[in-house]
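Enquirer: Taken in sequence, the protein lines are chains F and D. Oh and the first sequence: position 277 is 277 in the UniProt record's numbering, straight run, nothing missing. Oh and the second sequence: position 10 is 10 in the UniProt record's numbering, straight run, nothing missing.
Among the clues, some could well be false.
Since the list gives no way to pick one copy over another, a pair counts as held whenever it fits inside one copy or between any two copies.
[Stated by the list, open to error] Calculated cross-link-like contacts (lysine to aspartate or glutamate; reagent style DMTMM-like; alpha-carbon spacing at most 25 Å):
1. Lys21 - Glu110
2. Lys120 - Asp29
3. Lys116 - Asp130
4. Lys149 - Glu45
5. Lys21 - Asp121
6. Lys303 - Asp263
7. Lys185 - Glu45
8. Lys120 - Glu106
9. Lys152 - Glu258
Because the hints were derived from the structure by calculation, they are not lab data.
2 protein chains.
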Amino acid sequence: METRTEISSLGEFGLIQRINKGIRPTLPDTVRGIGDDAAVIDLGEEFGLLTTDMFLEGIHFDLTFFPLKHLGYKIIAAGISDIAAMNGIPRQVTINLALSNRFSVEAVDELYEGMKLACKDFNVDLVGGDTTSSRSGLIISVSAFGKVKKEKIAYRNTAQPNDLLCVTGDLGGAYMGLQLLEREKQVFMANPNMQPELDGKDYVIQRQLRPEARMDVVYELEEAGVIPTSMIDLSDGLASDLLHICAQSGVGAVIFEERLPIDEQTYLAASELNIGAATAALNGGEDYELLFTVSQSAYELIKNNPKITFIGYITDKKGEVELHTKGDSRVPLTAQGWNA
Amino acid sequence: METRTEISSLGEFGLIQRINKGIRPTLPDTVRGIGDDAAVIDLGEEFGLLTTDMFLEGIHFDLTFFPLKHLGYKIIAAGISDIAAMNGIPRQVTINLALSNRFSVEAVDELYEGMKLACKDFNVDLVGGDTTSSRSGLIISVSAFGKVKKEKIAYRNTAQPNDLLCVTGDLGGAYMGLQLLEREKQVFMANPNMQPELDGKDYVIQRQLRPEARMDVVYELEEAGVIPTSMIDLSDGLASDLLHICAQSGVGAVIFEERLPIDEQTYLAASELNIGAATAALNGGEDYELLFTVSQSAYELIKNNPKITFIGYITDKKGEVELHTKGDSRVPLTAQGWNA
Numbered sequence: 001m002e003t004r005t006e007i008s009s010l011g012e013f014g015l016i017q018r019i020n021k022g023i024r025p026t027l028p029d030t031v032r033g034i035g036d037d038a039a040v041i042d043l044g045e046e047f048g049l050l051t052t053d054m055f056l057e058g059i060h061f062d063l064t065f066f067p068l069k070h071l072g073y074k075i076i077a078a079g080i081s082d083i084a085a086m087n088g089i090p091r092q093v094t095i096n097l098a099l100s101n102r103f104s105v106e107a108v109d110e111l112y113e114g115m116k117l118a119c120k121d122f123n124v125d126l127v128g129g130d131t132t133s134s135r136s137g138l139i140i141s142v143s144a145f146g147k148v149k150k151e152k153i154a155y156r157n158t159a160q161p162n163d164l165l166c167v168t169g170d171l172g173g174a175y176m177g178l179q180l181l182e183r184e185k186q187v188f189m190a191n192p193n194m195q196p197e198l199d200g201k202d203y204v205i206q207r208q209l210r211p212e213a214r215m216d217v218v219y220e221l222e223e224a225g226v227i228p229t230s231m232i233d234l235s236d237g238l239a240s241d242l243l244h245i246c247a248q249s250g251v252g253a254v255i256f257e258e259r260l261p262i263d264e265q266t267y268l269a270a271s272e273l274n275i276g277a278a279t280a281a282l283n284g285g286e287d288y289e290l291l292f293t294v295s296q297s298a299y300e301l302i303k304n305n306p307k308i309t310f311i312g313y314i315t316d317k318k319g320e321v322e323l324h325t326k327g328d329s330r331v332p333l334t335a336q337g338w339n340a
Numbered sequence: 001m002e003t004r005t006e007i008s009s010l011g012e013f014g015l016i017q018r019i020n021k022g023i024r025p026t027l028p029d030t031v032r033g034i035g036d037d038a039a040v041i042d043l044g045e046e047f048g049l050l051t052t053d054m055f056l057e058g059i060h061f062d063l064t065f066f067p068l069k070h071l072g073y074k075i076i077a078a079g080i081s082d083i084a085a086m087n088g089i090p091r092q093v094t095i096n097l098a099l100s101n102r103f104s105v106e107a108v109d110e111l112y113e114g115m116k117l118a119c120k121d122f123n124v125d126l127v128g129g130d131t132t133s134s135r136s137g138l139i140i141s142v143s144a145f146g147k148v149k150k151e152k153i154a155y156r157n158t159a160q161p162n163d164l165l166c167v168t169g170d171l172g173g174a175y176m177g178l179q180l181l182e183r184e185k186q187v188f189m190a191n192p193n194m195q196p197e198l199d200g201k202d203y204v205i206q207r208q209l210r211p212e213a214r215m216d217v218v219y220e221l222e223e224a225g226v227i228p229t230s231m232i233d234l235s236d237g238l239a240s241d242l243l244h245i246c247a248q249s250g251v252g253a254v255i256f257e258e259r260l261p262i263d264e265q266t267y268l269a270a271s272e273l274n275i276g277a278a279t280a281a282l283n284g285g286e287d288y289e290l291l292f293t294v295s296q297s298a299y300e301l302i303k304n305n306p307k308i309t310f311i312g313y314i315t316d317k318k319g320e321v322e323l324h325t326k327g328d329s330r331v332p333l334t335a336q337g338w339n340a
């Protein structure tokens with residue numbers, strides 16, 4: 001009898017761990033393989049960065065409310081964000097596309113309009129890919145190649161005790177945007193004559209539908225002369241991604257609820273949907289902001305950058321991440337995050 | 001009213017042409033974007049090569065007869081083959097995987113066993129990727145990064161009149177292997193007690209299930225001091241891929257039926273299934289052999305390499321590809337190939 005182990009018994013992270021355990025780089029120019037936002041390749045003068053992601057209709061996006069142009073933009077931005085998270089400069093991207101015959105040529109045009117716009121915004125070239133047919137909706141994979149000066153690379157596993165923890169932009173918006181869009185979809189499905197109630201919610205909707213990769217901050221850190229001691233992009237959520245940094249660096253962290261940057265619209269949407277705004281900020285993914293650490297000496301150099309918020313610091317308590325709440329209690333964070 | 005144009009009205013190549021028309025590289029280090037086996041990136045001393053492909057269950061492979069270990073191997077080999085087709089050396093690959101819960105952990109292990117074996121055989125590192133869930137079977141995308149010395153790169157669009165046309169290995173085997181496997185599947189579905197009749201067909205079955213990327217020939221050309229004047233890998237089929245070289249180089253070609261390298265098992269299977277062996281060689285895809293041109297002066301340097309067959313030559317008749325049959329007639333080749 002063959003053994004059959006269900007993937008669900010391991011979970012997604014368990015499966016990935018199992019896969020990764022058996023894989024070891026062997027080439028001298030593979031500086032870093034699996035386990036960071038991008039693989040790192042020694043190109044001599046510089047490091048090359050290589051990353052890839054896949055997005056499936058019905059799993060990662062819902063085309064009943066996701067405009068194809070925005071989807072194209074978001075997928076390129078997601079690839080770029082992984083390069084940004086290494087403190088790198090993206091250069092080239094490739095796209096694989098699988099389409100069912102439900103899609104028209106005009107729909108494909110829309111998707112590529114969004115991709116081309118993102119390529120222009122982030123100054124990258126779309127240099128290749130594969131187009132094929134699908135029996136099950138739209139599937140897109142993106143790969144991105146970038147470069148970084150060797151001394152400027154930021155890994156996940158190099159945070160040091162007493163480093164300061166920073167995030168860019170604001171958190172939880174993409175998650176709240178998704179909740180609102182899904183609510184409106186339910187309303188519409190129940191009664192197609194209902195108009196969507198999204199007035200005054202444009203910012204969080206945009207956070208979901210058209211996120212930006214924070215290349216602006218990568219450039220501003222360079223101008224400020226600051227190299228993050230570690231960095232990751234916030235695709236899974238602050239709690240989960242901070243735990244990655246801590247686990248891989250062998251450190252802990254303390255973050256302060258009152259320091260979490262949350263937009264007014266995120267607060268309003270959270271209140272309307274009865275979700276804690278801090279929960280959205282901690283657990284909500286897809287913000288594509290950067291989470292990074294800097295040494296204390298960098299504080300003066302970036303404290304006036306309005307795009308950067310100091311949310312806590314790194315400790316030597318390996319793997320322990322603690323949230324100091326507004327009510328002054330201390331709550332351990334898990335990958336599932338924190339429920340107020 | 002919005003216009004709706006069906007993708008089928010353009011066809012796969014038409015759609016790809018439409019997409020590509022609107023995409024132009026803008027960065028100085030993008031040497032070659034869409035339109036070759038891999039994108040070419042200027043790394044200073046050398047060129048970097050970047051390529052990607054996607055494979056979907058039910059479209060590109062049938063798991064009722066495709067062992068997962070072989071599938072893993074084949075997908076890595078397909079990525080490597082695109083690097084080989086630029087006369088490059090593959091270094092790193094990434095894999096994205098989408099799985100439905102029909103797959104067990106053991107099945108995923110099998111798939112990765114095949115990938116790891118291919119990585120070892122082709123001396124590349126598996127450096128990253130994404131694992132996600134799917135509602136519709138198995139989807140895999142592969143990206144490969146490689147390098148090539150600038151003076152050694154082989155493009156598709158640089159064949160010259162009077163160059164000699166070469167192929168590696170033999171042709172049509174992967175296609176005949178697929179036909180046999182599909183026949184046995186039909187037999188089995190009609191009567192599950194029937195045993196498969198695949199005795200003496202191991203070579204063509206292997207050509208379908210476990211193709212090799214021809215890195216061996218890339219290294220042997222280097223040892224011989226020969227740089228192909230153009231090159232492409234045979235994934236779509238000789239006719240289609242030769243037409244790519246001719247169209248992109250602005251040249252024509254003459255090939256000789258009697259020169260087509262076809263294995264004995266391919267002949268036997270073709271005869272058994274009432275398919276012309278030359279048709280299989282011309283139209284059958286997935287052989288992952290290399291089709292390349294060399295200047296006449298290279299002839300002496302590689303004529304004794306048993307892996308290389310000279311099948312014809314390049315002419316100045318733009319876009320015209322002619323097959324000289326064994327019966328001494330001359331037949332124009334189209335992308336759909338040739339039916340004897």
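Enquirer: Each hint needs a verdict: does it hold in this structure or not?
Expert: Going down the list of hints, with the structure as the test:
1. Within a single copy, Lys21 and Glu110 get their C-alpha atoms only as close as 40 Å, which misses the 25 Å cut-off; across copies the closest is 14 Å, which meets it.
2. In the homo-oligomer, the alpha carbons of Lys120 and Asp29 lie at most 25 Å apart only across protomers (16 Å), although the nearest pairing inside one protomer, at 30 Å, exceeds that limit.
3. For the identical chains of this complex, Lys116 and Asp130 are neighbours both inside a copy (16 Å) and across copies (23 Å), given an alpha-carbon limit of 25 Å.
4. In this homomeric assembly, Lys149 and Glu45 come within 25 Å of each other (Cα to Cα) both inside a single copy, at 8 Å, and across copies, at 16 Å.
5. For the homomeric pair Lys21 and Asp121, the shortest alpha-carbon distance between copies (20 Å) is at most 25 Å, but the shortest distance inside one copy (37 Å) is not.
6. With identical chains, the CA atoms of Lys303 and Asp263 are at most 25 Å apart within one copy only, with a shortest distance of 19 Å there and 70 Å across copies.
7. When the C-alpha separation of Lys185 and Glu45 is checked against a cutoff of 25 Å, the pair qualifies neither within a copy, at 51 Å, nor between copies, at 54 Å.
8. Taking the shortest alpha-carbon separations for Lys120 and Glu106, only the intra-copy value of 21 Å comes in at or below 25 Å, while the best inter-copy value is 43 Å.
9. Taking the shortest Cα distances, Lys152 and Glu258 never come within 25 Å of each other, neither inside one copy (31 Å) nor across copies (59 Å).
Consistency note: the structure conflicts with the earlier hints numbered 7 and 9.
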